[in-house]
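All chains should be built: construct the whole structure from the sequences, respecting the hints.
There are 2 protein chains.
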Amino acid sequence: MASLLPKPSPLRFSQHRSHALSDSVAVRLRCLPSGNRRVRCGLINPDGGKLVHLVASAGAERDALLREAAPATGLPRIKLSRIDLEWVHVLSEGWASPLRGFMREAEFLQTLHFNCLRMPDGSIVNMSVAIVLAIDDSQKRSIEGRGRVVLLDAGDKPVAILKDIEIYKHNKEERIARTWGTTAPGLPYVEESISKAGNWLIGGNLMVIEPIKYDDGLDKYRLSPADLREEFMRRNADAVFAFQLRNPVHNGHALLMNDTRRHLLEMGYKNPVLLLHPLGGYTKADDVPLIWRMKQHEKVLEQGVLDPETTVVSIFPSPMHYAGPTEVQWHAKSRINAGANFYIVGRDPAGMGHPIEKRDLYDADHGKKVLSMAPGLEKLNILPFKVCKLSI
Amino acid sequence: MASLLPKPSPLRFSQHRSHALSDSVAVRLRCLPSGNRRVRCGLINPDGGKLVHLVASAGAERDALLREAAPATGLPRIKLSRIDLEWVHVLSEGWASPLRGFMREAEFLQTLHFNCLRMPDGSIVNMSVAIVLAIDDSQKRSIEGRGRVVLLDAGDKPVAILKDIEIYKHNKEERIARTWGTTAPGLPYVEESISKAGNWLIGGNLMVIEPIKYDDGLDKYRLSPADLREEFMRRNADAVFAFQLRNPVHNGHALLMNDTRRHLLEMGYKNPVLLLHPLGGYTKADDVPLIWRMKQHEKVLEQGVLDPETTVVSIFPSPMHYAGPTEVQWHAKSRINAGANFYIVGRDPAGMGHPIEKRDLYDADHGKKVLSMAPGLEKLNILPFKVCKLSI
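From first to last, the protein sequence lines are chains A and B. Here the first sequence is numbered in UniProt numbering, starting from 1 and rising by one per residue. Here the second sequence is numbered in UniProt numbering, starting from 1 and rising by one per residue.
One or more hints might be untrue.
Copies of the same chain look alike in the list, so a pair counts if it fits in one copy or across any two.
To be verified - Simulated pairs of lysine-lysine, DSS-like, Cα-Cα distance not exceeding 27 Å:
#  : residue 1 : residue 2
1  : K369      : K140
2  : K270      : K295
3  : K369      : K169
4  : K358      : K172
5  : K358      : K169
6  : K358      : K379
7  : K163      : K369
8  : K169      : K196
9  : K140      : K169
10 : K358      : K140
11 : K163      : K140
Bear in mind the hints are in silico, worked out from the structure with no lab data behind them.
Listed below in structure tokens is the structure:
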């Protein structure tokens, strides 16, 4: 499954520096080396202790799934939207560990009310956005009483089987209000994926037939959390700092990322590695398309603005909610699963303008505040910064 | 401060019984006696380990506060609404322990996003509704730069001093959406207390001058959590089961409460005591007024429908949000602080009709589901029941 990591030629480390982080890096730092001695902590544990992997192995396992997914078996079939497929991708690779499929009602309710899930052993993991699959009344009628369904892509090709299914109500208004803190019309994800969706949600355990690919020339950048962990281990990283973005890298970003590395070195880490992690799923129409962003990110490495030796560029397959303080938790939590133990958070993360009022939807400082308080993210070191106004 | 507990003459225990609880009492029972031997657990610990008490002692402490609150000192003054005063009452007696005053921003954000607060030792307490004090722009201007303010009742009498104050934005839309799961117009608490309130919130530590009284003939029923704990200890209760209601007791309620006691006895408890706990703060216009409800509750005890020997009737001073699954957590958490280790939850607790659609605002089962999942309520035994449709 692992794609090859792009390897631009190593170039010189940028000398630009900023001191913007100086006052903030002391926030919630754990697992630190004492003095200047190197202490290997290994990579941070994924949520739930084990990285979830829901893709069948090639061979007998995949073949069995394919046979079961064939029309002849008569299993009910659900066609996935583009966003649904992105969530299958996210779930299949364990970005949402310990989730093993689309949320059941107990997970959905905990997500809406508490932004976290209680594990059977009593521990808490963060989970702030609902990863759910909606169906309409007629689909519900055709599925009820059946234990599993086949999920199809846009071309009617079977992608996965959802088993041990559970169907429950999709109260859209409540979901939107509790996730976005508003029900104003015009929220991009809501318009794209919720407003017209069915009134029911179907949860269950996913069995994915083969790795999700998009054949857009960018699949090589879509490293799974397992791929990333392997790469960080290969590079002997003793700290991994993740930077989520959905726009081109600009000078402020680059200064910040280089400065963060410098600070981590000063703190005693010997080999901090940057995970430059553009979001690759659904984004609103006026965001820069992924293909252009990736070209720009490649240039940034080629030109040595960021050091390719200590930078891993990869695509985060999640769709974008634009849900501010709620969503930034998801952005951070998923990077824990990919091995990051430091997370850089900027001004108004995952924010946008209010859809019908002349103001930002979220308080610009709430993202980093909420992130620093979020249950289940205690093990992550949050690095707030204030270089300039960024849109990440 | 303790009021005398009303003591109707003991009458015979009702023989009516229901088996409605049979399937549910096994849910989350902890601290149980083994076999039939009596095991004293003591009362459940209040949240944060210590019951908060914010009322000055009569004498030097109260006098000092009164002097400080006098107009001559020039401290800024804020006039409280009826609901604000009810929250001062709630806070002053420790129903919201460990809160020590109106919420600061960190508490407000945790409440909105996580329905719980992290304590300095890393433990979690539940806190699902925002207990906040709103001020407008001109009040903010007059207060800024000052460390404390005087809070006045409707007659301009000083009630409390709020110290170490913090002023932050009151994003009403976000508060409403995250608390109620809707922003539809017509939510009673929102119309009464939020829509017209100021755009800022002021948090801080409360110092209350004397116990809050209403002089409505019902103050004798307003027992504080400390009073209730004392009463439960006096009665030698080894289990306290709380029943929140905001309507007259009907036969279904009575059957349920008696049946709960029977089940607790069967489980090995020797002296389970019922806390019959009508909500006494703000309710919507079409709810039965408190004075009539209390008359009815008195009759229920006098007539022996409930056994006065094993029942404590008291008024819970909180205002009502009608926020369903979010609010029921507050109703349960506050009763932990009063010593209850069992909480009875019915269908659609704290629910109401959707203000503009022809349906219930909340799924009737979400209240008990959310309650059973809520962070910080793990120590409480949740007793769901389905006798009939109740409005509590």
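Results of checking the hints against the structure:
no., hint, in the structure
1, K369 - K140, "between (40 Å within a copy, 23 Å between copies)"
2, K270 - K295, "neither (30 Å within a copy, 73 Å between copies)"
3, K369 - K169, "between (32 Å within a copy, 14 Å between copies)"
4, K358 - K172, "both (25 Å within a copy, 15 Å between copies)"
5, K358 - K169, "between (34 Å within a copy, 16 Å between copies)"
6, K358 - K379, "neither (37 Å within a copy, 45 Å between copies)"
7, K163 - K369, "between (38 Å within a copy, 23 Å between copies)"
8, K169 - K196, "within (15 Å within a copy, 34 Å between copies)"
9, K140 - K169, "within (11 Å within a copy, 44 Å between copies)"
10, K358 - K140, "between (40 Å within a copy, 23 Å between copies)"
11, K163 - K140, "within (15 Å within a copy, 56 Å between copies)"
The structure is inconsistent with the numbered hints 2, 6, although it conforms to all the rest.
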